[in-house]
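**Q** Residues per chain, in single letters:
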Amino acid sequence: MHISEGVLSPSVLVAGAALTTAGVAVGLKRLDHEEIPSAGILSAAFFVASLVHVPAGPASVHLVMNGLLGLILGWKAFPAILVGLGLQALLFQFGGLTTLGVNTLNMALPAVICYYLFGWGAKAGTRQHVLTITAFACGSCAVLFSGVMVGFSLYLTGEAFLPAAKLVVAAHLPVMFIEGGLTAACAFFLRRVRPELLEGQYVPKSASQF
Amino acid sequence: MYPNPHHSSSAARNGRRIFCFFSVLLWLAFSNIPALAHKVTIFAWVEGDTVYTQSKFSGGRKARNSTVVVYDKEGKLLLEGKTDKNGLFSFKIPKKTELKVALKASMGHLAEWTIPAEEIMGAADNSEAGVVPSTQQAAPSTETKTSSELPATTAVSLSLQDVQDLIDRSLDRKLSPIVNMLADSLDRGPGMSEVMGGIGYIFGLVGVALYFATRGKRK
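Chains A and B supply the protein sequences, listed in that same order.
Under the working numbering, the first residue of the first sequence is numbered 2, with each subsequent residue one higher.
Under the working numbering, the first residue of the second sequence is numbered 9, with each subsequent residue one higher.
Some hints here could point you the wrong way.
[As the list claims (entries may be wrong)] Each pair of labels, with its calculated beta carbon distance range:
| hint | chain 1 | residue 1 | chain 2 | residue 2 | range |
| --- | --- | --- | --- | --- | --- |
| 1 | B | GLY212 | A | VAL27 | 22 to 30 Å |
| 2 | A | GLU35 | B | PRO124 | 51 to 59 Å |
| 3 | A | ALA23 | B | ASN188 | 41 to 49 Å |
| 4 | B | LYS93 | A | PHE189 | 40 to 48 Å |
Hint data in this document are derived by calculation from the structure and do not stem from the laboratory.
For each residue, glycine too, the CB sits at the ideal point set by N, CA and C.
With the hints as extra help, turn the sequences into a complete structure.
**A** Have a look at this one:
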């Protein structure tokens, strides 16, 4: 999922960085001081998830967990993923600092898209199986969209789109299932013990503050 | 009042559960440490007049059928090839300058290795030296007919060349395990300290963010 340094053309890097900056700005604007700890914990979970390694085909892939971040954080997934990826680039040499913008966009935008597509399932009062199914879809689709976006970034730099995207998506098929299951388990667990963490995102701001 | 203690105890229980949950996540991450990580590495070394490269995904998985590109110091493309099923690719030294060997694995992975000019020069000298004896070998055969003193000196120089070649060959052979070990040690995955450092950074950032977010409130 992490695109290395020196692969993409400068225009793609700049465009990715610009879009990421916009996303992070939106995320930070929506970040309430009460939500800072949960964003931090999820950022740490994202940071560590990349170490859980799934052997798949010719390449090696790892968990991404952007679906979970999208489900719980919405737009705030942008700053959380930026921090996680920045530290992965510095400490693990995954990706790189110049590709940080593009990589953040590739992982955070699908998280936000999945938040809009499947987030309603996490609202208070939805049935248990609805929550489980939407959370599963959220986790797996976020990885799928990320794969498509990585393929698209490579395409913009001159690689053929379909082979590149197919390869990335195919390699991440097992990850999609694992992430779907993990996201569903997390959602189920959070609804049980900490529903306000899961649903806080979907309560109107004025109502959630008091 | 009455509901408060009840609430706080359930909150504590929930806190404990959440703590357990994240410790399980962390444990999952660490239990995979020997086979983790997500980047590619390429390692290149010179033996004789050939450059050998070994390509891997971190975690030891060989980068099969990946493209290896060789550039010179100015970034001019010299040659290109594919790794075999063991992630190996070798080529004859195309040019006696510093060489950059880049591995282009699938999915936007890229790794580079630079072979310094001295290493190439050393190999090139040897290969030139290897050429010299053959002319000298040809020379003595003609000279043996005419003079009887010369063969002795050329024989000495010949044996010197042979010794040089022998030493090079046996050094290459003896050093190859060390070279392989170096190649293996290059792609050590991130360890405990990096992981803990990263998590510490994130918690620190949370602290800083909370400080600034609540500063207005405390006034």
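**Q** Which of the listed hints are not met by the structure?
**A** none
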